[in-house]
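Chain A is fixed; fit chain B onto it per the hints.
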Amino acid sequence: MISAKKRNRLGYVVFFTLLIVMPSAFAGHEQHQPMAKSKKNGREINCQQVAIRCAKTVTSAFSPNGDLWRLWSQNKGLYYQISTDNGGHFSITKQVPLVDEKISSRNENRPKIAFDNEQGVYLSWAMPRKRKYTADIRFSYSNDYGKSFSSPITVNDDDLLTGHSFNEMIVNEQGDVSIVWLDGRLKQGKKSAQGSAIFMATANMKNSADTIAKQTFINKEVVNGTCVCCRLAVDYNRQGNLAILWRHIYGDNIREFAITTLNEQSTPYQVSYDHWQINGCPHQGGALSIDANNRYHLVWFNQGDKGKGIFYANSDNAGKTSTTPLAVGEQLAQAAHPHMNENNGIVDIVWTQFTGTQHQLWHQRSINAGKSFAAATIITTAASGADRPFVLQWQGKSYVSWQRFQQGHWFTQL
Amino acid sequence: MNKKISIYILTLLLLVISYISNAKPLTLHSEPFTQAVFEQIKKQYQGKKWLTLLWSVDCPPCMKELALIQALQQQKKHLAVVVINVDTHENSEQQREEILQHFELSQQTHLFFRDGFEDQSRYLIDPQWYGELPRSYFIDEDGAFHGKSGLVSKLLLDKWLLASK
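Chains as they are written, first to last, in this note's numbering: chain A, 1 to 414; chain B, 1001 to 1165.
Mixed in with the good hints there might be a few duds.
What the hints assert, rightly or not - Across the chosen pairs, the derived CB separations fall in these ranges:
| no. | chain 1 | residue 1 | chain 2 | residue 2 | range |
| --- | --- | --- | --- | --- | --- |
| 1 | B | L1156 | A | E330 | 28 to 36 Å |
| 2 | B | T1034 | A | A51 | 22 to 30 Å |
| 3 | A | T357 | B | N1091 | 24 to 32 Å |
| 4 | A | A333 | B | F1145 | 15 to 23 Å |
| 5 | A | S151 | B | S1106 | 40 to 48 Å |
| 6 | A | K397 | B | Q1040 | 49 to 57 Å |
| 7 | B | F1145 | A | D316 | 24 to 32 Å |
| 8 | A | P64 | B | Q1040 | 52 to 60 Å |
| 9 | A | Q49 | B | T1034 | 24 to 32 Å |
| 10 | B | K1064 | A | I378 | 34 to 42 Å |
| 11 | A | K306 | B | K1159 | 51 to 59 Å |
| 12 | A | T412 | B | A1071 | 49 to 57 Å |
If you are wondering where the hints come from, they were derived from the structure by calculation, not from laboratory data. We put the CB at the ideal spot given by N, CA and C, even for glycine.
Isolated chain A, as found in the complex:
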């Protein structure tokens, strides 16, 4: 028999044991909560609230009426703001209705926005699914300039739990919307398969005005054997054919850039020869801009035995042969993530450099269609993280968009 006193003592022991054990159990659960707050310079920023400074990526685009839209995702929602003065001021934040799902938004994988000439607003993004590296390409459309949006649909038509991500989207003057993405369907069940494939789907919302049925987007394979984690770049050429630039896998994991123009060739052209052998994720895609003379302007980044850093080249035969690559930025200063746009003979290249504490946005311009470039200049800096920069154009002027995490979105004319 245990005496009442001993029993009480035992009760206390158990009680205090619980007091010690239980909080650690709760603490363990707490660790699994998504990171909501970030501390920067002693200041707590609550990123549970929707705010553009909390966005890891921002996508900007001009609509045909000159409005600048910026788009980002946060907490399973897709948000946008509109500026009528080229980024000087932005409207209140609006949420895209009916979108309540996970949205890929990091590094080169991020939501996209495009417009047509008749009040159409097009959105696409990748929605991660349950298994690792699986996602679907999603699409929503507004025919009333954002007053309402269609329920999101899945663009990839394979019904497979596999990778579909790194979507790029472009809308031409006829209102044809083309979405290209990296797709894992071809390597399903094939252990030896290397890389991803590029798939493409095209539709015209004016043809199927009210109902966006899944079959609207018919998928077709563009190329197989691409890198799995670098963005694609797209542009229309003078003939109205779509060109795509991507990082391809050649031989034993040699990751070089390749280009193809749809309807014009069956075999893609290799455009970089830097010999970067890596069985991994470079997280660095290229940029493509085609001018009125059908000159293809290209930038890319490599860390190969034969070429390290950012390079610019152009081609007058759709990438079959290119100019000698021009090194851009200071390779030893972490020059990376180039983007570029051609605008009426002016070629603007932007990229980031990093000093160890400060992110820098750099710019270099050519006023003779890429023949020669003026010296590089630094545009601005960021203190706590930087997104990839992008060049945009509107009415003959060029602008740069650069998201600076927790500091704010930078938008300025170049």
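Same frame as chain A, but now just chain B:
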């Protein structure tokens, strides 16, 4: 009264037992990457061969390299490996823990990059690393870092990690 106390004790005991039995067998310890922490680790391995593996939850070849480490720890209990996760996006903490539990890597030292300090952390490790993954550093007895991008071969890992004492 005595009966009531007995029930009270029994209930508490059951609670404790149920908590202990539900707890994960091995809790994974990971801490934020800082210069101080990294310097301390370098000191700890001074004069020895060791490996630092940087990985991300959305990098398929990283999983292959984590699996190689998992296989190696069957052969040698105390591997000189420091595993650093570079993710700071929404939900990355949970994904990171799940993956490390999956590969049963609780024996290794785990660090992770802090939100807003990703590039600083990367630069501290190596100013000439551009973020490509997986990234492995083979650190020799003299403390020199030999970086390699992409999945490393099993042979190389074996040679580096199994030979050292």
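Hint check:
1. Remark: the range hint 28 to 36 Å for L1156(B) to E330(A) is upheld by a beta-carbon distance near 32 Å.
2. Between T1034(B) and A51(A) the Cβ separation comes to about 27 Å, which falls inside the hinted range of 22 to 30 Å.
3. A beta carbon spacing of about 28 Å between T357(A) and N1091(B) agrees with the range 24 to 32 Å that was offered as a hint.
4. Range check, A333(A) to F1145(B): about 20 Å between beta-carbon atoms, so the 15 to 23 Å window is met.
5. The hint said 40 to 48 Å for the Cβ distance between S151(A) and S1106(B), and at roughly 43 Å that hint holds.
6. About 52 Å separates the C-beta atoms of K397(A) and Q1040(B), a value consistent with the hinted range of 49 to 57 Å.
7. Checked against the given bound of 24 to 32 Å, the beta carbons of F1145(B) and D316(A), roughly 44 Å apart, lie outside it.
8. For the hinted restraint 52 to 60 Å between P64(A) and Q1040(B), the CB-CB distance of approximately 57 Å keeps it satisfied.
9. Taking 24 to 32 Å as the suggested C-beta distance range, the pair Q49(A) and T1034(B) conforms, at roughly 28 Å.
10. Roughly 39 Å separates the CB atoms of K1064(B) and I378(A), a value that falls within the hinted 34 to 42 Å.
11. Evaluation of the 51 to 59 Å hint for K306(A) and K1159(B) yields a failure: the beta carbon distance comes to about 28 Å.
12. One distance hint, 49 to 57 Å for the beta-carbon pair T412(A) and A1071(B), holds here, with the actual separation near 52 Å.
The structure fails hints 7 and 11 (numbered hints given earlier, in ascending order).
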